[in-house]
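Going down the list, the sequences are from chains A and B.
Just so you know, the first sequence maps onto residues 1 to 173 in the working numbering.
Just so you know, the second sequence maps onto residues 174 to 562 in the working numbering.
These are computed hints drawn from the structure, not numbers from a lab.
Certain hints may be false.
Unchecked claim - Computed spacing ranges between beta-carbons, pair by pair: (1) A:Lys86 with B:Asn302: 30 to 38 Å; (2) B:Gly333 with A:Met1: 40 to 48 Å; (3) A:Glu119 with B:Arg503: 56 to 64 Å; (4) B:Glu453 with A:Lys11: 23 to 31 Å; (5) B:Arg340 with A:Lys11: 27 to 35 Å; (6) B:Lys551 with A:Arg47: 56 to 64 Å.
Said to hold, decoys possible - From the derived model, a few chain B residues whose C-beta atoms are all more than 12 Å from chain A: (7) Gln209; (8) Met401; (9) Glu478; (10) Lys558.
None of these values were measured; they are calculated from a predicted model.
Virtual Cβ for every residue (Gly too), placed ideally from N, Cα, C.
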Amino acid sequence: MYSEIVMEHFKNPRNVGRIGDADGIGEVGNPVCGDMMTITLRVKDDRIEDIKFETFGCGAAIAVSSIVTEMAKGKTLEEAFKITNKSVVEKLEGLPKNKLHCSNLGADALHQAIMDYYERKGGRAGRKKRQRGKVEPLEKPEGHCYCPYCDAELPEEVPTCTLCGKPTEHRHE
Amino acid sequence: METIYLDHISATPLHPEVKRAMIDYLSTGFGNPVSQHHIGDAALEALEGAREEVAKLIKANPQELVFTSGGTESINHAIKGVAFAGAKKGKHIVTSNIEHNAVLKSLRMLERMGYRVTSVPVDGFGLVNPDDVKKAITDETVLVTIMHANNEIGTVEPIGEIGGITRERNIPFHCDAVVSAGVVPVDVEEMGVDLLSMAANQFYGPSGVGALYIRPKTEIWPLLDGGMQENSHRGGTHNMVGIVGMGKAAELAREEMPQRTEHLLQLKTAFLDGLGFIDEIIVNGHPTQSLPNLASISVSYVEGESMMLLLDEQGICVSTRSACASGSLRASHVLLSIGRDYAEAQGTLVFSFGITNTIEEVERALEALKNVVATLRKISPLYRKKEER
Numbered sequence: 001m002y003s004e005i006v007m008e009h010f011k012n013p014r015n016v017g018r019i020g021d022a023d024g025i026g027e028v029g030n031p032v033c034g035d036m037m038t039i040t041l042r043v044k045d046d047r048i049e050d051i052k053f054e055t056f057g058c059g060a061a062i063a064v065s066s067i068v069t070e071m072a073k074g075k076t077l078e079e080a081f082k083i084t085n086k087s088v089v090e091k092l093e094g095l096p097k098n099k100l101h102c103s104n105l106g107a108d109a110l111h112q113a114i115m116d117y118y119e120r121k122g123g124r125a126g127r128k129k130r131q132r133g134k135v136e137p138l139e140k141p142e143g144h145c146y147c148p149y150c151d152a153e154l155p156e157e158v159p160t161c162t163l164c165g166k167p168t169e170h171r172h173e
Numbered sequence: 174m175e176t177i178y179l180d181h182i183s184a185t186p187l188h189p190e191v192k193r194a195m196i197d198y199l200s201t202g203f204g205n206p207v208s209q210h211h212i213g214d215a216a217l218e219a220l221e222g223a224r225e226e227v228a229k230l231i232k233a234n235p236q237e238l239v240f241t242s243g244g245t246e247s248i249n250h251a252i253k254g255v256a257f258a259g260a261k262k263g264k265h266i267v268t269s270n271i272e273h274n275a276v277l278k279s280l281r282m283l284e285r286m287g288y289r290v291t292s293v294p295v296d297g298f299g300l301v302n303p304d305d306v307k308k309a310i311t312d313e314t315v316l317v318t319i320m321h322a323n324n325e326i327g328t329v330e331p332i333g334e335i336g337g338i339t340r341e342r343n344i345p346f347h348c349d350a351v352v353s354a355g356v357v358p359v360d361v362e363e364m365g366v367d368l369l370s371m372a373a374n375q376f377y378g379p380s381g382v383g384a385l386y387i388r389p390k391t392e393i394w395p396l397l398d399g400g401m402q403e404n405s406h407r408g409g410t411h412n413m414v415g416i417v418g419m420g421k422a423a424e425l426a427r428e429e430m431p432q433r434t435e436h437l438l439q440l441k442t443a444f445l446d447g448l449g450f451i452d453e454i455i456v457n458g459h460p461t462q463s464l465p466n467l468a469s470i471s472v473s474y475v476e477g478e479s480m481m482l483l484l485d486e487q488g489i490c491v492s493t494r495s496a497c498a499s500g501s502l503r504a505s506h507v508l509l510s511i512g513r514d515y516a517e518a519q520g521t522l523v524f525s526f527g528i529t530n531t532i533e534e535v536e537r538a539l540e541a542l543k544n545v546v547a548t549l550r551k552i553s554p555l556y557r558k559k560e561e562r
């Protein structure tokens, strides 16, 4: 079902844990959607010096978290912000269609951690990035889900995906 | 790496005697039981021999059984066939909240055609209250369909009591016995059912073959229109090799049921007793009124698919009911119905034991499960938050 590289990251996840006293924290998903990810950053001179993740989720979710941290580690914040769900999926040599939403969560958690860092630092850059990243608030009660077939974000309960038109069977309860 | 197969609810391996019977038939028989020459007669003899064995397993008469392509077809046939035939009387059907998708989706299809469906709830063990069924029945009701045993949590429903109610009201009663027939005793008279679905791959027979019991005088339309096969209930040339396998599997299941049950219960008990070493686990289903071969557990703070994959790495095959693994990303309706929350439903695994499993295998699976849970909890933000509290 999964590519070799997905299984490799799933079985031997990199950068597991949580940085105490982190410079930036990103937390996305909720158990309703099935996945929850936390990414913590240590930033030095605008560069991600250290990054760790915690994930509650399926094999794909864990592999995505692992590879996102690997991709981001050592990069400047600007570079790391360019990591998208697409580049994550490419790096993992693909994910099953109904697992693509996991890749969104990985990139989202990373972006949120970076924005959290900017926010803590204050200044205009942080606010600008927030708009670009379109990241949902941390503890949104209804959750934050994606179409299981394509990677479209679905803000509300909709019977069919707004992008690909397939039945989403999503639930927010 | 040695395989420990604990997913018998998905499919059972062929019993060696079943395999032999199928190979024997495959190497000699090829005729169509409908043909009137001696080659056809030989096939007919094999067909009716198998029918007799399957009938004995559920205490029915052979002529009341229709061979099908498996549990899903049997269920579709029973539900749609009876609903179509009863449309002139009414368009209301009663079911429960924890039925299999074959039932749910058949009913959803009927709803699109104008039928109404009332679904009765279950309690925390997954038990249907027969009184709820009684109250749900109206003058328009043309079918009641309730499963015998649940495929996710193993709870065995009070079918006999429900059968008493439907008989009193003279309403056809279908029972999905796909995961119970051949595993626990099934008696169509005692249960008071008019239709009963079963599948061979639940009792060491082949996949792709099943049967539908239809009580005489039950009004039902065919699902597959065609020739005069199966008393005109199901057109189409018979899957003879599969049917021969199902017959042999039914014979063995009936003869060996007491010993099998005793062995399965030993395995299940050893498994449940061994779970004590892992904290925050919920055992789903009824403690006594349940299948002897199935144990469903919800493990807090971790997700089912990742547990399943890590167990598979160690050769251990189990099922998960997590939304992540479901394709639809939807939490199991069965688990939500018995009161599990989304996170608990996400961490649900089903262990289903078979006649060739040993206590040692169960112990090894428990040890592996313990390690897998510890590994995944270590990276779970939910577990860390709980620890911090």
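Tested hints:
1. A:Lys86 with B:Asn302: 30 to 38 Å: Because 51 Å falls outside the window, the suggested range is violated.
2. B:Gly333 with A:Met1: 40 to 48 Å: Since the Cβ atoms of B:Gly333 and A:Met1 sit about 42 Å apart, the hinted range of 40 to 48 Å holds.
3. A:Glu119 with B:Arg503: 56 to 64 Å: At 35 Å between Cβs, range violated.
4. B:Glu453 with A:Lys11: 23 to 31 Å: holds (24 Å)
5. B:Arg340 with A:Lys11: 27 to 35 Å: violated (55 Å)
6. B:Lys551 with A:Arg47: 56 to 64 Å: Taking Cβ atoms as reference, B:Lys551 and A:Arg47 lie about 28 Å apart, which means the hint is violated.
7. Gln209: Non-interface label stands for B:Gln209: nearest chain A Cβ at 49 Å, farther than 12 Å.
8. Met401: holds (39 Å)
9. Glu478: violated (4 Å)
10. Lys558: Contrary to the label, B:Lys558 does not stay out of reach of chain A, its closest Cβ about 9 Å off (not over 12 Å).
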